[in-house]
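Q: Chain by chain, the residues:
There are 4 protein chains.
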Amino acid sequence: MSNLVRLSLSIEKPLLDRLEKMVQGGGYTNRSEFVRDMIRDLLVRQEWKRGEEVVGTINLIYNHHVRQLSEKLTHTQHHHHKSIMATTHIHLDEELCAETIMVRGKASEIKELADDLRKQKGVLHANLSASSTGKLLK
Amino acid sequence: MSNLVRLSLSIEKPLLDRLEKMVQGGGYTNRSEFVRDMIRDLLVRQEWKRGEEVVGTINLIYNHHVRQLSEKLTHTQHHHHKSIMATTHIHLDEELCAETIMVRGKASEIKELADDLRKQKGVLHANLSASSTGKLLK
Amino acid sequence: MSNLVRLSLSIEKPLLDRLEKMVQGGGYTNRSEFVRDMIRDLLVRQEWKRGEEVVGTINLIYNHHVRQLSEKLTHTQHHHHKSIMATTHIHLDEELCAETIMVRGKASEIKELADDLRKQKGVLHANLSASSTGKLLK
Amino acid sequence: MSNLVRLSLSIEKPLLDRLEKMVQGGGYTNRSEFVRDMIRDLLVRQEWKRGEEVVGTINLIYNHHVRQLSEKLTHTQHHHHKSIMATTHIHLDEELCAETIMVRGKASEIKELADDLRKQKGVLHANLSASSTGKLLK
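Protein chains in written order, with our numbering: chain Z, 1 to 138; chain G, 1 to 138; chain D, 1 to 138; chain L, 1 to 138.
Hints are computed from structural coordinates only; laboratory data are not their basis.
Take the hints with a grain of salt, since some may be wrong.
One copy or two, either will do: identical chains are not told apart, so a pair holds if it fits within one copy or between any two.
Said to hold, decoys possible - Here are the computed lysine to aspartate or glutamate pairs in the DMTMM-like style, where the Cα-Cα straight-line distance is at most 25 Å:
| no. | residue 1 | residue 2 |
| --- | --- | --- |
| 1 | LYS72 | GLU94 |
| 2 | LYS111 | ASP41 |
| 3 | LYS49 | ASP116 |
| 4 | LYS13 | GLU109 |
| 5 | LYS13 | GLU33 |
| 6 | LYS82 | GLU33 |
| 7 | LYS111 | GLU12 |
| 8 | LYS119 | GLU12 |
| 9 | LYS135 | GLU71 |
| 10 | LYS111 | GLU71 |
| 11 | LYS138 | GLU53 |
| 12 | LYS138 | ASP17 |
| 13 | LYS72 | GLU52 |
| 14 | LYS49 | ASP93 |
| 15 | LYS49 | GLU109 |
| 16 | LYS138 | ASP37 |
| 17 | LYS49 | ASP115 |
| 18 | LYS13 | ASP37 |
| 19 | LYS21 | ASP41 |
| 20 | LYS82 | ASP17 |
| 21 | LYS138 | ASP116 |
| 22 | LYS21 | ASP116 |
| 23 | LYS138 | GLU20 |
| 24 | LYS21 | GLU33 |
| 25 | LYS13 | GLU112 |
| 26 | LYS72 | ASP37 |
| 27 | LYS138 | GLU33 |
| 28 | LYS135 | GLU52 |
No experiment lies behind these values; they were computed from the predicted model shown.
All chains should be modelled from the sequences, with the hints used to inform the complete structure.
A: Right under this line is the structure:
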């Protein structure tokens, strides 16, 4: 863990009161952690904008009864195997699967992989969740 | 303007360095203003979630050649006149209009008005931009 | 207005039923208009991503009692006068103003203008709403 | 798989051309699948708004060197074990972990769980990705 230093800011009194209220309402133990979380959220959004190395999750809902879909999804994932850290599969019901693919790589490559999976017939929903390698968040 | 008080936080040194970089990169004159802006953004999002009195803008792009569309849009706006502060109209080209409606009212009513306008045939695009009465931001 | 042609699609029966429900729930008179609205929304998002000529609105909430703020905001707007179509000003209360700036230009320039306005001390909230010249939506 | 029926729509010729371009640009094999994907995306957003039973993913980036953090995260997850389908853990580097928690439950409970995890000291980033049980998407 990094050493903590002091950050001193000036802030309008009513705005500080509202900050306190959000800190307590969110169940945070202290406002420093709350403000640090706001800063980190902003940093993650900027990492994705700048196209840097990111971490993320691609979530798929699909019907495994659709002919050859499982093969195609596996094939696409292997083609991008360098960007994929792990895949977890859940059997939602008789027909439907949820698959979560944890990815790490350049933002543009991750988006391309998500698009390649989304367009397959039988994939009912696909989305990409943007996270971070954490290197800039420490 | 409200009186300024001091807010002192503890923060990891590398995170502080990245904050400084964002402050300078964003052209801010000081980091206090940058952090206050982050807090205010969060407050505005919460105002809309809680359904309080909000300020916002509804933006329309529409084709005024579509039969009776102008009449319908004016009629709908008058029906919600208590929520509308001002409407500005721009002639984009021979056919197309941009109209910006500045609104103030309960979030749910504002959303209903935006939906009523969006569904009209000839309205090519409609969106709602969420702002604030500013009362909680001072 | 452009001439209408037929678009014929195949769709799962339960999905069609849910589409119908959304069409009626949204107060649309017909499902063609509903689907066209979905397509146009996607086109607008792509215009902004590709950085093309766009139309949008920048909304500001600010405190006009802050020293020289009005002058600075006016100065910044004049510096970008080629991108600004119109500005509407509302007096929210004794201190606060809402200002809506209708803009047209390259997406990157519009974003830069919004950033230049946001960072001024006394601007309590600034956001950018993405719309379209409508050229691709007709 | 559900039986396919025909859906016939009227659409402006230029808008149809742009739809075709997006279908091809996105690598879709046919435009029916493209339009069905748009409809399903909208259905998923509505499921979350209405607070129904949803499926989603909570992604955490955290520093496992922070005292007792792993215990707290495990404890919180067990407290919500009925909403959690699976958790996958990746060792990002010496200090940092990525954890993806696949969840299923009422939207409000899922959001509460994500908030409970986010606020822990040492959690550098937490986000919630909204997906679906797929029941309404078939």
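Q: Each of the hints needs a verdict: does it hold here or not?
A: Hint check:
1. For the homomeric pair LYS72 and GLU94, the shortest alpha-carbon distance inside one copy (20 Å) is at most 25 Å, but the shortest distance between copies (35 Å) is not.
2. Proximity of LYS111 and ASP41 under a CA criterion of 25 Å is satisfied in both settings, with 20 Å inside one chain copy and 17 Å between copies.
3. In the homo-oligomer, the alpha carbons of LYS49 and ASP116 lie at most 25 Å apart both inside one protomer (20 Å) and across protomers (19 Å), since each shortest distance falls under that limit.
4. Taking identical chains as interchangeable, the C-alpha atoms of LYS13 and GLU109 are never at most 25 Å apart, the minima being 46 Å within one chain and 32 Å between chains.
5. In this assembly of identical chains, LYS13 and GLU33 lie within 25 Å of each other by CA distance both inside one copy and across copies; the values are 20 Å within and 14 Å between.
6. With identical chains, the CA atoms of LYS82 and GLU33 are never at most 25 Å apart, being 34 Å at best within one copy and 29 Å at best between copies.
7. Taking the shortest alpha-carbon separations for LYS111 and GLU12, neither the intra-copy value of 41 Å nor the inter-copy value of 28 Å comes in at or below 25 Å.
8. Proximity of LYS119 and GLU12 under a CA criterion of 25 Å is satisfied inter-copy only: 17 Å between copies versus 50 Å inside one chain copy.
9. For a Cα distance limit of 25 Å, the shortest separation of LYS135 from GLU71 across copies, 23 Å, qualifies, whereas the shortest one inside one copy, 35 Å, does not.
10. Proximity of LYS111 to GLU71 under the C-alpha cut-off of 25 Å is restricted to the intra-copy arrangement: shortest distance 21 Å within a copy versus 34 Å between copies.
11. Only within a single protomer do LYS138 and GLU53 lie at most 25 Å apart by alpha-carbon distance; the minimum there is 16 Å, versus 35 Å between protomers.
12. In this homomeric assembly, LYS138 and ASP17 come within 25 Å of each other (Cα to Cα) only across copies, at 11 Å, whereas the closest approach inside a single copy is 28 Å.
13. Taking the shortest alpha-carbon separations for LYS72 and GLU52, neither the intra-copy value of 28 Å nor the inter-copy value of 31 Å comes in at or below 25 Å.
14. Taking identical chains as interchangeable, the C-alpha atoms of LYS49 and ASP93 lie at most 25 Å apart only when they sit on different chains, with a minimum of 23 Å there against 37 Å within one chain.
15. Within a single copy, LYS49 and GLU109 get their C-alpha atoms as close as 13 Å, and across copies as close as 16 Å, so both meet the 25 Å cut-off.
16. With identical chains, the CA atoms of LYS138 and ASP37 are at most 25 Å apart both within one copy (11 Å) and between copies (22 Å).
17. For a Cα distance limit of 25 Å, the shortest separation of LYS49 from ASP115 qualifies both inside one copy, at 17 Å, and across copies, at 16 Å.
18. Taking the shortest Cα distances, LYS13 and ASP37 sit within 25 Å of each other both inside one copy (21 Å) and across copies (15 Å).
19. In this assembly of identical chains, the alpha carbons of LYS21 and ASP41 lie at most 25 Å apart whether taken from the same copy (20 Å) or from different copies (15 Å).
20. Taking the closest pair of Cα atoms, LYS82 and ASP17 never come within 25 Å of each other, the shortest separation being 48 Å inside a single copy and 32 Å across copies.
21. Proximity of LYS138 to ASP116 under the C-alpha cut-off of 25 Å is restricted to the inter-copy arrangement: shortest distance 20 Å between copies versus 33 Å within a copy.
22. Taking the closest pair of Cα atoms, LYS21 and ASP116 come within 25 Å of each other only across two copies (17 Å); inside a single copy the shortest separation is 44 Å, beyond that limit.
23. Proximity of LYS138 to GLU20 under the C-alpha cut-off of 25 Å is found in both arrangements, the shortest distances being 24 Å within a copy and 15 Å between copies.
24. With identical chains, the CA atoms of LYS21 and GLU33 are at most 25 Å apart both within one copy (14 Å) and between copies (20 Å).
25. For the homomeric pair LYS13 and GLU112, neither the shortest alpha-carbon distance inside one copy (47 Å) nor that between copies (29 Å) is at most 25 Å.
26. For a Cα distance limit of 25 Å, the shortest separation of LYS72 from ASP37 across copies, 18 Å, qualifies, whereas the shortest one inside one copy, 39 Å, does not.
27. Taking the shortest Cα distances, LYS138 and GLU33 sit within 25 Å of each other both inside one copy (12 Å) and across copies (23 Å).
28. In this assembly of identical chains, LYS135 and GLU52 lie within 25 Å of each other by CA distance solely inside one copy; the values are 11 Å within and 33 Å between copies.
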